[in-house]
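Participant: Spelled out, the chains give:
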Amino acid sequence: MIPHSFDYMRPQTLNDALKEIENLTPQTEVAILAGGQSLLSALKQRRINPNLIVDLGAISDLSTTREVSDGLEVGAMVRQVEFVGHRFVSAHAPIFQDVAAAAGDPMIRRNGTLVGAFCEVDPRGDWVAAGLVHDAVLEISSLSETRREPLESFAGKPKESRLKSNELVTKCILNAAPENSISAYRKCKHNAVGWSIAGVAVVLELDKERKCRAIKLAVAGATTFPQRLRALELELQGVDLSDEDNLDQLIRPHLAALEFFGDSYASAGYREKRLAIQIRRTLAELSKS
Amino acid sequence: MSAISESSAASTDTGKETTWIGRPLPRMEDQRFLVGKGRYVDDIVLPNQLFAAFVRSPHGHARVSKLDLSKARSASGVVAAYGGSDIQGLKDVPPNWVLPGSHVKGRPPLVRETVRHVGEAVAVIIAETQAEAVDAAALVDVTYEVYPALIDQNLALEEGAPRVHADIKNNTATIMPAGAGGFDAAAAEAYLNIKLTVKNQRLIPFPIEPRAVNADFDAATSRLTFYSSNQIPHMLRRMLAAALEFPEHKLRVISPDVGGGFGPKMHFYPEELLLAWLTTQLARPVKWTETRSENNVATTHGRDHNMVADIAADADGKILALRVRGVANIGAYLSSMGTGVPTINVALFLLGVYAIPVSEALITCVYTNTTPVDAYRGAGRPEAAYLIERAIDRVALELGLDPAEVRFRNFIQPEQLPYRQGVGTKIDSGQFANTLNLALEKINYKALRREQEAARAEGRLFGVGVSNYTETCAMGFGPLLGAIGFDRGGYESALVRVHPDGHVSVFSGSHSHGQGHVTTFAQIAADSLGITPDEIEVIQGDTDQVPFGTGTFNSRSVAVGGSAIKIAADRIAQKMKKIAGHLLQSSPEKIFVSQGVFGTEDGQATIRARDVAKAAWTGHNIPYDFGIGLEETEFYHPVDMSSPYGAHIAVVEIDRETGEVDLKRYLAVDDCGVIINPLLARGQVHGGLAQGIGQALYETAALDSDGRPTAEPSIPRSDMLPRFETDHTISPSNTNPLGAKGIGEAGAVGAPPAIANAIIDALWPLGVKEVDMPFTPERVLNAIEEAVGRDAKKVAAQ
Ligand SMILES: Cc1cc2nc3c(=O)[nH]c(=O)nc-3n(C[C@H](O)[C@H](O)[C@H](O)COP(=O)(O)OP(=O)(O)OC[C@H]3O[C@@H](n4cnc5c(N)ncnc54)[C@H](O)[C@@H]3O)c2cc1C
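In the order they appear, the protein sequences are chains G and V.
To get the numbering used here, take the position in the first sequence, counting from 1, and add 8.
To get the numbering used here, take the position in the second sequence, counting from 1, and add 247.
Hints are computed from structural coordinates only; laboratory data are not their basis.
Please note: incorrect hints may appear among the correct ones.
For the chain V half of the interface with chain G, some residues (derived, Cβ under 8 Å), not all of them [claimed, not checked]: (1) V381; (2) D382; (3) E904; (4) T905; (5) Y945; (6) S961; (7) S965; (8) E1025.
In silico SDA-like cross-links for lysine to any residue, where the CA-CA straight-line distance does not exceed 20 Å [claimed, not checked]: (9) G:K52 with V:Q821; (10) G:K52 with V:P960; (11) G:K52 with V:E959; (12) V:K318 with G:S13; (13) G:K52 with V:A958; (14) G:K52 with V:K825; (15) G:K172 with G:N23; (16) G:K197 with V:D388; (17) G:K52 with V:A385; (18) G:K197 with V:A937; (19) G:K52 with G:N23; (20) G:K197 with V:A949; (21) G:K197 with V:N1029; (22) G:K52 with V:S965; (23) G:K52 with V:D902; (24) V:K318 with G:H12; (25) G:K197 with V:N542; (26) V:K825 with V:V886; (27) G:K197 with V:E904; (28) V:K313 with V:D388; (29) G:K197 with V:R1026; (30) G:K52 with V:Q377; (31) G:K197 with V:D966; (32) G:K197 with V:D289; (33) G:K197 with V:R964; (34) G:K197 with V:R1037; (35) G:K197 with V:E959; (36) G:K197 with V:K911; (37) G:K197 with V:E907; (38) G:K197 with V:S965; (39) G:K52 with V:D966; (40) G:K197 with V:K825.
By construction, the Cβ of each residue, glycine as well, lies at the ideal position given by its N, Cα and C atoms.
Construct all of the structure, not just a fragment, from the sequences and the given hints.
Facilitator: This is how it looks when you write it as structure tokens:
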């Protein structure tokens, strides 16, 4: 498994990196390398054949995390394991600990970055689903401009239109979960690589009667891209989440409108069924916790 | 019969015992693997090394209408490029187990015109570096005229199906009948008649190390040194020499460390023949290491056998007659053992460990547009065990009897042994009822059945499954192999040499591909010679160092290869006693040896083994007619095989809503005769179970309509397997001097039926009678929904 030959740049500063990708000739296809856990497989299998690779690994500025008001900024080169070990995660975003226990393996999480996982937007991306319920925002820079885009809209776009060829993501900003909220990421694993066939991320606030006061809910693994189910979130407000029969009735129609994918292990139809069960069980579990 | 528990086995390792056989020695070979110092074919880089890369067809059935190598040939670093028309002189790679009367189509080294399976090599590029070879391969311009591919063997047999090979009617390579017939008459009298359909799905074997070859022709000496990651280097030497028309005495095959084989690494492959030919053409070494993606489509697959059984039983669950029709998919060409595995290795074992008076089988081997299918851990025996064990359970469930009880009613009884089955195999030994009893006790079967009742009362799906597999291992006896068209010897070689300093070299024709021979074989020799295993080096896998041998497959290494070592080492021990007797002025019968010291019976006089060895190799001070040296060769040739067997029990709970199967417990009680090293035997059981459970729950090649396997084939990770509970009973085999049988394949044979039976046991109350492997959640859920739907319809109709 050998990739096509390519030019390789390892700039020392963000500015140098941005210069590298500014004014590329139309023939130049560039790929940004972060932890490489998605990119390297794609290169080796020649699913993508870029002729320039810009490695962000030497840019120390991108390896920092910073607490900001009510949130955390995570640099583009912060590894998943570093991120998960941050105080902010245990205090304000414990759902990412669930994700870390279920996404990839220790070697992958040691190399893989959070931002890289966000940029990849794999349909099965566990990290993305958790990012969505934390209202993650990406900071995107080119030499001339810096802009911010919510992960939710970024993930919903076709791959080609997410980033321009002269842009890269420098960091993401995660919001803290509301005080007194509870959360969970629950996934049903594909038997081959352990990716998900149905994953659900939930951040939930319960009222005094332990009914749902507010909820953020995102799914991955079953649908063609990870997404928030906002209409379902609205409908769940005020609902008793321990009533599984009722939940089941509420959830299914919301899934009917979504697009699912499948393979020989779990068809699209099965994933839809399984996702409905996964959502219901996760909500019921949280309501009882 | 004795049951050894894990703790008592471990406690024997005190270092004080005089025998090494039976002790759970840790593997002596592991250090180098653990520190990354293993030496595999891909680690070997020769001076002047060239690299090969293949262009492979993405289509299952096509005509190559254009093949343009010009761009590839002019790419940087490229030394040569070949398509099918450039290798005119090269023959197809022939199979080596051909059932008499078969229609043989060997594997072409490169596609000549018609592509017959996904992954078939269309061209090969040779370059100075691997990267250049791979880059140039991407520049090869191929145009395919694509035709529909024939994937399913049953469809390939249908009237009017297209032909995979124009000159082979009905796509049929061979048909094998077995048994004495008489099913219909027996069935007419029977209380119960059932039809059962089972499928052993196609599997991808997945050794961690894919295949790798480095072929090195030395024009100065006209010698060809051929490195291959291979289980049977001596057979490879013979097959390669014949196919290449190369003198066998100038061909050296080296198979260094091998990272897993599971069967596929004993077959002779197109890439091997081609690289051997290329190095003779280019007079430089040529290396190729298979990628994982290539391994999925170019290395042989396993199983893919569909069966329909008719079962006739009496009201007590005694099976009176069995008729089986099997249709086996052998792929596009006959790989090495392509016709033998699905026929002989299946039909002969269809009756398991049961005395079934009437039996008939008919197995048809069918060509399709798929990767060739060949031996994979168990090789035919899993298919047979799966059928008979499912059949027994089905009879039990239909009659409302306990499946374990129905087994007791059908077992071959001890006084019937050795027992010749109606379909052909001979069971040498075994105490089937005892082994099953031990398993039932260990798992507390009665309590499990109570637990099941309670679960059912709550609407939970809880199942218990038993299997009593058997197989025949330790392949031997040349004349028999000859009669069934298996072009291999049935012997194994050993050369044991005691050096003047008392250290010992053991050369064996077996070849470890992960089993731990270095340790077990040293234990065997140590006992014969009265020394410790760490004074012994075991050498395998190089035909210049070990001139003849047969190799490792069919769980034969200990029973046949180990026996050869024992016999050779015993002979040396005799000679050493003779010398020691002479030197100690005592008669040899009165000499015994322990921990490297020879002594007289009364303990008065002793001499170190190394002093005996030195005397043997110097010839000083010993009678002339003793001869020089301490070296013995044995070609051990057993006249009979042995039949390991076991009782396995699986416990499952199924999530009714998702179809997910929770394998809660798995118990394996195996009888592999005398155990040389309980730790390694257990390791073999664990590995076999992982693959057997993999087949049951997870694995499938899942070919698409072109014959392309799924992009993400599954093998179980450790978190997908239960904690294994294992035990052994020991019924020594009388077919070899060690009393050993074979354990390598046991788990892979026993696990699929145990799990299938547990799942069907769980689902039976819902009306589910058949589900096919792998029992993925979706399949299980579909079976549940279908059965429940049928029920609902019935209710509505009433
Ligand atoms: C065997 C295996 C199993 C896995 N299992 C799981 C799993 O169960 N669940 C799960 O969620 N994930 C899983 N992953 C995926 C893994 O978590 C992520 O894909 C990976 O960590 C992505 O981060 P990275 O830093 O490695 O990104 P890279 O592979 O370096 O990049 C990913 C993509 O994003 C682009 N990119 C990266 N950083 C930037 C940037 N700053 N700006 C612009 N573009 C950028 C790259 O060009 C590339 O296209 C698995 C991966 C492997 C190899």
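Participant: If any of the earlier hints don't hold here, list their numbers in rising order.
Facilitator: Per hint list: 7, 9, 14, 16, 19, 22, 23, 25, 26, 32, 34, 39, 40 violated.
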